[in-house]
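**Q** These are the residues of each chain, in order.
Protein chains: 2
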Amino acid sequence: MENEKKLGSIVSEVLNLLEDKKYIQAREALLANNEVEIAEIIEELMEELGMEKTIILFRTLPKDVSVEVFAYLPLDDQVKIINGITDREIQYILDELSFDDMIDVLDELPANLVDKILEKTPREERKLINTFLNYPDTCAGSLMTPDYISLQKDMTVAEALAYIKKEGMDSETIYTCYVKESGRKLQGIISLRTLVISEGDEIISNLMREDFVCVNVFDDQEEVSEVFKKYGFLAIPVVDRENRLVGIITFDDILDVIEEETTEDFERMAGVMDSTDKEYLDISVWKHVLNRLPWLFVLMCSYVITGGIIRTFEDGLAKVICLVAYMPMLMGTGGNSGSQSATLVIRGMALNEIELKDAGRVIWKELRVSFVIGIALSSLNFARICWLDGEGPIVAATVCISMIVIVVAAKSIGSMLPMLAKKVGIDPALMANPMIASLTDMVSVVTYFTMARVILGI
Amino acid sequence: MENEKKLGSIVSEVLNLLEDKKYIQAREALLANNEVEIAEIIEELMEELGMEKTIILFRTLPKDVSVEVFAYLPLDDQVKIINGITDREIQYILDELSFDDMIDVLDELPANLVDKILEKTPREERKLINTFLNYPDTCAGSLMTPDYISLQKDMTVAEALAYIKKEGMDSETIYTCYVKESGRKLQGIISLRTLVISEGDEIISNLMREDFVCVNVFDDQEEVSEVFKKYGFLAIPVVDRENRLVGIITFDDILDVIEEETTEDFERMAGVMDSTDKEYLDISVWKHVLNRLPWLFVLMCSYVITGGIIRTFEDGLAKVICLVAYMPMLMGTGGNSGSQSATLVIRGMALNEIELKDAGRVIWKELRVSFVIGIALSSLNFARICWLDGEGPIVAATVCISMIVIVVAAKSIGSMLPMLAKKVGIDPALMANPMIASLTDMVSVVTYFTMARVILGI
Numbered sequence: 236m237e238n239e240k241k242l243g244s245i246v247s248e249v250l251n252l253l254e255d256k257k258y259i260q261a262r263e264a265l266l267a268n269n270e271v272e273i274a275e276i277i278e279e280l281m282e283e284l285g286m287e288k289t290i291i292l293f294r295t296l297p298k299d300v301s302v303e304v305f306a307y308l309p310l311d312d313q314v315k316i317i318n319g320i321t322d323r324e325i326q327y328i329l330d331e332l333s334f335d336d337m338i339d340v341l342d343e344l345p346a347n348l349v350d351k352i353l354e355k356t357p358r359e360e361r362k363l364i365n366t367f368l369n370y371p372d373t374c375a376g377s378l379m380t381p382d383y384i385s386l387q388k389d390m391t392v393a394e395a396l397a398y399i400k401k402e403g404m405d406s407e408t409i410y411t412c413y414v415k416e417s418g419r420k421l422q423g424i425i426s427l428r429t430l431v432i433s434e435g436d437e438i439i440s441n442l443m444r445e446d447f448v449c450v451n452v453f454d455d456q457e458e459v460s461e462v463f464k465k466y467g468f469l470a471i472p473v474v475d476r477e478n479r480l481v482g483i484i485t486f487d488d489i490l491d492v493i494e495e496e497t498t499e500d501f502e503r504m505a506g507v508m509d510s511t512d513k514e515y516l517d518i519s520v521w522k523h524v525l526n527r528l529p530w531l532f533v534l535m536c537s538y539v540i541t542g543g544i545i546r547t548f549e550d551g552l553a554k555v556i557c558l559v560a561y562m563p564m565l566m567g568t569g570g571n572s573g574s575q576s577a578t579l580v581i582r583g584m585a586l587n588e589i590e591l592k593d594a595g596r597v598i599w600k601e602l603r604v605s606f607v608i609g610i611a612l613s614s615l616n617f618a619r620i621c622w623l624d625g626e627g628p629i630v631a632a633t634v635c636i637s638m639i640v641i642v643v644a645a646k647s648i649g650s651m652l653p654m655l656a657k658k659v660g661i662d663p664a665l666m667a668n669p670m671i672a673s674l675t676d677m678v679s680v681v682t683y684f685t686m687a688r689v690i691l692g693i
Numbered sequence: 236m237e238n239e240k241k242l243g244s245i246v247s248e249v250l251n252l253l254e255d256k257k258y259i260q261a262r263e264a265l266l267a268n269n270e271v272e273i274a275e276i277i278e279e280l281m282e283e284l285g286m287e288k289t290i291i292l293f294r295t296l297p298k299d300v301s302v303e304v305f306a307y308l309p310l311d312d313q314v315k316i317i318n319g320i321t322d323r324e325i326q327y328i329l330d331e332l333s334f335d336d337m338i339d340v341l342d343e344l345p346a347n348l349v350d351k352i353l354e355k356t357p358r359e360e361r362k363l364i365n366t367f368l369n370y371p372d373t374c375a376g377s378l379m380t381p382d383y384i385s386l387q388k389d390m391t392v393a394e395a396l397a398y399i400k401k402e403g404m405d406s407e408t409i410y411t412c413y414v415k416e417s418g419r420k421l422q423g424i425i426s427l428r429t430l431v432i433s434e435g436d437e438i439i440s441n442l443m444r445e446d447f448v449c450v451n452v453f454d455d456q457e458e459v460s461e462v463f464k465k466y467g468f469l470a471i472p473v474v475d476r477e478n479r480l481v482g483i484i485t486f487d488d489i490l491d492v493i494e495e496e497t498t499e500d501f502e503r504m505a506g507v508m509d510s511t512d513k514e515y516l517d518i519s520v521w522k523h524v525l526n527r528l529p530w531l532f533v534l535m536c537s538y539v540i541t542g543g544i545i546r547t548f549e550d551g552l553a554k555v556i557c558l559v560a561y562m563p564m565l566m567g568t569g570g571n572s573g574s575q576s577a578t579l580v581i582r583g584m585a586l587n588e589i590e591l592k593d594a595g596r597v598i599w600k601e602l603r604v605s606f607v608i609g610i611a612l613s614s615l616n617f618a619r620i621c622w623l624d625g626e627g628p629i630v631a632a633t634v635c636i637s638m639i640v641i642v643v644a645a646k647s648i649g650s651m652l653p654m655l656a657k658k659v660g661i662d663p664a665l666m667a668n669p670m671i672a673s674l675t676d677m678v679s680v681v682t683y684f685t686m687a688r689v690i691l692g693i
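Chains as they are written, first to last, in the working numbering: chain A, 236 to 693; chain B, 236 to 693.
Check before you lean on any hint, since a few could be wrong.
[To be verified] Computed list of chain A residues with no C-beta within reach of chain B, every gap over 12 angstroms:
#: 1; residue: Thr497
#: 2; residue: Ala656
#: 3; residue: Ser673
[To be verified] List of simulated lysine-lysine pairs, DSS-like, C-alpha gap at most 27 angstroms:
#: 4; chain 1: A; residue 1: Lys420; chain 2: B; residue 2: Lys464
#: 5; chain 1: A; residue 1: Lys241; chain 2: B; residue 2: Lys592
#: 6; chain 1: B; residue 1: Lys400; chain 2: A; residue 2: Lys315
#: 7; chain 1: A; residue 1: Lys415; chain 2: B; residue 2: Lys464
#: 8; chain 1: A; residue 1: Lys513; chain 2: B; residue 2: Lys464
#: 9; chain 1: B; residue 1: Lys522; chain 2: A; residue 2: Lys592
These aren't lab readings, by the way, just hints derived from the structure by calculation. We put the CB at the ideal spot given by N, CA and C, even for glycine.
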């Protein structure tokens, strides 16, 4: 919070200075912050000032600062800047960016601009860049960098440290180093910690760990982030089908992945299909409509069935019209009960706390929980309907028995549907709240009116 | 997936060996895996075999392995093991654990057991442990460790590296080192990377960064994880009110926090109040009931109002009973539209993409999006109601105009309520799906029946 306020005051200070055309003072006000903060300020200015004026300010930054700030900007602002600066400036920034950040930027640029940028790149590097650009967006390959420290297994610790001192500047991380055998196959890994606390004349091959964990270049990013969470690594080696080391993924890139995957889960659970990684405010109205309309339409169709069920009870319902007043409560409570269970099971599966083989234990737990909850809510309702609403005990009984059945059914559906989805290979998150609510609504209506027919003879 | 299968086959192998009382072979089968995997297997065995037999197997592991395995086990299994081994074994494990892991375990044990364990601890360390045990559960203090590398500012790089070599073994991380001035105030930080790539005779004070970022010991863990995400740090210093360095937090502990906070958000959004960090299957039926019943009850009360509204329309409704069949669709679509907007806004705020000052832009976007969606869904419905259901165009118009109003209202409520909650200091996640659905249900019923009164004169 404090941080946000501080940022806001700097942004308005810079805005005022720019209005008075005091570019040098504006630049000084910016440079009083660290690179991460400057990036945040630039981001705000992009919104307030528009692209062109912000880029003028960005270009006044010292070259080394501008590269670091660029690296911290969101991807869409990076693309805007690339489009607004000269080819020579582009070249400078891309040369100084870390390899994986450069790939991310190139990935967003139009193909002809990428070709133009790569014209001056040496042939070997161009080939490498093109390989990286071709990895699918959500696989390990798209996250990795080829800039890692490679050691020889017959080096001594002193030699290794001297080598790291020479090469470490350009490497994404130097805290984990990799030892390859002939044919680029990964043979072992060794941490800088081990190197620093070992004697200088020890041999790498005696110190390195050969039981390392690695991921495949085409593994999904979600799997990669699971590995990171499980082991707490700083970096993980990425190998191709032939077990050759092609790059490494560092933990800071995984923080972004975790955020992305979480957002995806949230959105799927709310029935939003988001195909972009843009921010809410940057997505156009039409795109928002496209992201949301399909699910609303599918769910609406399910209500055609629910409506059809009600129509078959219409005549009886007209006779005991007071039953209608309790429909929303039964449907709502059914939906809420179901989505509680669905959320707990979906989250449990995401954290590997619940596996498919636990289905029996889950349903047994849900049955007991829902029975208790159903009884509790029904008792309260029985009293309410008889005393407050002044309906007869038979109407109250109809509502309350329905309530128990509905809560038990909703929690069973809510807990089992996500597991079934996982079993057949659909993302369980898709089976969450809206889907469960539609299903439980049908169940609620059928249960309620069937009870009414049996008890009240409607 | 592959990993899970492999694990499953080792678990059943070990189970078979234990059944045949082949303890030595079972031990060998375990030891063929790395410590993280052994921890996973032990976790499974706890479930399948029960605590006692698993602990017998655990005790056969070599001491150094058993400590590492212990560190990777979930907290509740750790407590079970502590309760099942001798005092001397407890002492050994706690001595070898990293400080922050030890605090986590002690935090879960009954006070008299902690006192007994701490009896043999030197007085200074016991004082430190007690300080750490007293930090509230979700603040920075509860995540930090006091085992960091402290350098003197007048050391040379060579002296610093020699010091790290000597002390590095017991430190949580050596990749970031800290320089304190007199009075324990943090003065600068320096990365091992800088040390390794610098010349041996350079002086620390010339190399260290003095514009470091730190957190306060009572900062909420969510704020700490935001700082990690923003800067991509490996470790962050924690200071007290007097700006004295009291510990550091490393990124692996933050991965757990992110997971915890995400789970909390998911659960709040589904109306579950989880007060434990236990796994779903380990929570008792009664605890599950307590976690879920309060919200269901609160929401159910809101339906008393909705029901009351319907009762005032009862007589008219009995005359045009076909209107009841469209109630679930209107209420359901309203709820789904609202929770889409709520989820997007809550997530946007969690990622700092949406701030309170953006309220105007958000509502303007939602109004346009909901109007388009309302028109689209209504057109489809008009056709359906007239042709498929065979109702007159006036009934169809009542439903469709209501639909547009309901979608627009639901999306406005869904987007604004979380922002309002944040404004008054309530967690926006609490305002999500069930809450929004209850509110939109009321709005839907009022809108629908008011339209029916105006258009159909019920």
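**Q** None of the hints should be skipped; say for each whether it holds.
**A** Checked hints:
no.	hint	result
1	Thr497	violated, 5 angstroms
2	Ala656	holds, 16 angstroms
3	Ser673	violated, 6 angstroms
4	A/Lys420 <-> B/Lys464	violated, 33 angstroms
5	A/Lys241 <-> B/Lys592	holds, 15 angstroms
6	B/Lys400 <-> A/Lys315	violated, 47 angstroms
7	A/Lys415 <-> B/Lys464	violated, 32 angstroms
8	A/Lys513 <-> B/Lys464	holds, 18 angstroms
9	B/Lys522 <-> A/Lys592	holds, 23 angstroms
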